[in-house]
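Peer 1: Sequence:
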Amino acid sequence: MFVLPAIAQKASKQAKAAQRTAVQRYEQGVALLKQNNPARAVVEFRAALQLMPAFAEAQNGLGMALGQQGQTDEAIAAFREAIALDPKFNEARLNLGLALEQKADLGGAINEYREVIKIAPDSAEAHNALGFALGRQGNLNVAVSEFDTAMKLKPDYQEAWYRMGVTRWYVQQYGEAIKYLRQAAKLNPKHFESQYYLGVCLQKTGKIAEAIEALQLALKLNPNVAEGHNALGMAFLADDDLDNAITEFRTALKLNPNLLEAHNQLGLAYINKRDADNAIAELQIVVKQDPNNLAGNHNLGLALIQRSDYNAAIEIYRKLIALNANDAEAHYNLGLALKYKDDFAAAIAAFQRSIALQPSLQEAHYSLGITLMQIGKLDEAVTAFRSAIKAKPDWADAHYTLGTALQQKGDLNGAIAAFREAIRIAPNSPQVHNTLGTALRQKGDAEGARVEFAEAARLNKLKSNNQAATFATNTGLQKMKEGDLAAAIEFFERAISLDPEHALAHYNLGLALQKKGSLAAAKAAFERANKLDPHLKAPRP
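The numbers in the numbering used here rise by one with no breaks, and the one at position 208 of the sequence shown is 208.
Source of the hints: derived by calculation from the structure; they are not laboratory data.
Positions of the beta carbon are idealized from the N, C-alpha and C atoms, including for glycine.
Simulated crosslink set (BS3-like; lysine-lysine; CA at most 30 angstroms straight-line):
| id | residue 1 | residue 2 |
| --- | --- | --- |
| 1 | Lys461 | Lys443 |
| 2 | Lys537 | Lys207 |
| 3 | Lys254 | Lys220 |
Pair by pair, the computed Cβ-Cβ distance ranges are:
| id | residue 1 | residue 2 | range |
| --- | --- | --- | --- |
| 4 | Asn224 | Pro189 | 15 to 23 angstroms |
| 5 | Pro155 | Leu462 | 52 to 60 angstroms |
| 6 | Gly206 | Ala84 | 49 to 57 angstroms |
| 7 | Pro359 | Ala520 | 51 to 59 angstroms |
| 8 | Asp484 | Leu462 | 23 to 31 angstroms |
| 9 | Gly107 | Pro393 | 51 to 59 angstroms |
Model the full structure from these sequences, guided by the hints.
Peer 2: Shown next, in the form of structure tokens:
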């Protein structure tokens with residue numbers, strides 16, 4: 001964006017008629033620029049300059065109009081002429097700097113901005129422009145200082161807040177970026193980029209609900225940005241809302257079929273849905289267009305493992321290791337594929353290599369332990385499980401499997417302690433309660449065993465009720481499709497009686513009641529569904 005100066009009319013009452021006409025033509029050119037009509041503005045500015053060749057403001061206006069038409073070289077010449085006529089013409093220098101940036105002449109642009117600051121050190125616009133150019137040049141520390149100066153000089157300068165936020169995002173200072181991007185969005189709520197980057201940074205800091213809200217607002221401002229839908233999909237994916245994530249990734253790809261990141265993320269969402277075929281289809285697009293794409297290859301390998309195509313997965317991971325022998329994740333995933341092929345020796349070697357490269361990779365320790373258990377090496381398995389727990393202390397599965405290994409070794413006290421820790425972390429697993437009951441019975445604690453078996457039975461009953469409630473909900477959906485609202489409502493209510501915390505049953509009951517016209521009851525059902533599962537929101541009227 002170029003800068004229009006506020007000028008005093010140069011022609012005095014005694015000025016020649018030509019000068020008066022020149023000013024009039026200049027003003028007409030300015031009006032045409034504001035109307036987004038640069039072609040006609042060029043005509044007016046040239047006419048003004050014919051009448052008054054030393055008219056610096058008209059040269060500046062001509063440069064702006066030419067620049068808007070993509071004639072950057074001609075615009076630069078006009079700005080230089082304006083500065084030659086008036087060396088202290090700061091607006092022309094700013095515009096020259098912007099035009100030089102368009103030509104990738106960052107050094108030239110920086111020189112112009114610094115000249116403006118010499119003349120007018122309190123120019124927030126010049127400090128902001130200098131910061132942006134320095135940032136593009138890679139001089140981020142000085143860029144940040146310039147943005148800070150611009151904001152201090154002009155606290156409501158939205159562009160400076162935005163650029164500071166994006167710079168912080170670029171250097172992965174996401175918490176700092178959020179502060180500036182929030183203010184930028186507040187100063188201009190209709191600025192897509194501020195809302196978009198705010199959402200991206202919120203997601204990076206784990207504030208998923210806020211990220212989704214910011215990205216949805218950004219896409220209301222501009223629904224045709226593929227990267228925005230991709231970012232929203234990633235936020236939904238982080239929130240384990242797979243259906244909405246898939247919808248957003250598909251929208252992104254409809255807008256830009258070549259957005260490989262969206263293909264990759266869509267593939268990952270399908271993996272999480274256990275839909276290996278669709279995952280493979282998306283991820284093959286990624287690796288076909290970019291054969292060395294690390295994330296795409298890793299995820300393709302996982303999808304192939306999910307489809308039990310272990311040989312193809314092994315080929316993928318060996319290719320990744322050939323590209324980077326120190327890729328711990330590739331060694332780990334290779335180990336998984338080898339393990340599923342029952343090639344335990346090779347799997348163990350792959351897991352051990354992964355751990356050597358990245359000792360904090362808890363999955364590698366855990367999978368190593370499982371594999372060692374399978375071949376009867378219980379002592380080594382216990383060591384591996386303890387390493388997994390050290391890397392991730394709140395991992396219920398690791399505590400449970402450690403307990404199983406200790407139980408097989410005859411260490412009942414150790415096993416019971418491990419099972420109790422697993423239950424502390426994840427108390428609703430009937431399997432763990434049942435296994436703990438068995439260990440307590442082996443130790444001679446009949447009452448303790450009875451309590452655990454009873455709890456396992458209770459949890460299994462809840463699980464059975466949940467499955468029955470899901471069946472009733474699906475039947476209700478079918479009845480609703482057939483137009484039988486009364487039967488649909490009956491099935492949804494039956495589902496809720498079986499499992500009062502079945503969120504989808506409450507939600508679909510709300511839909512059926514809404515169609516029936518029972519709006520108050522529908523509202524209550526939607527509210528209950530949303531409380532149980534925040535992903536489920538009442539449909540808009």
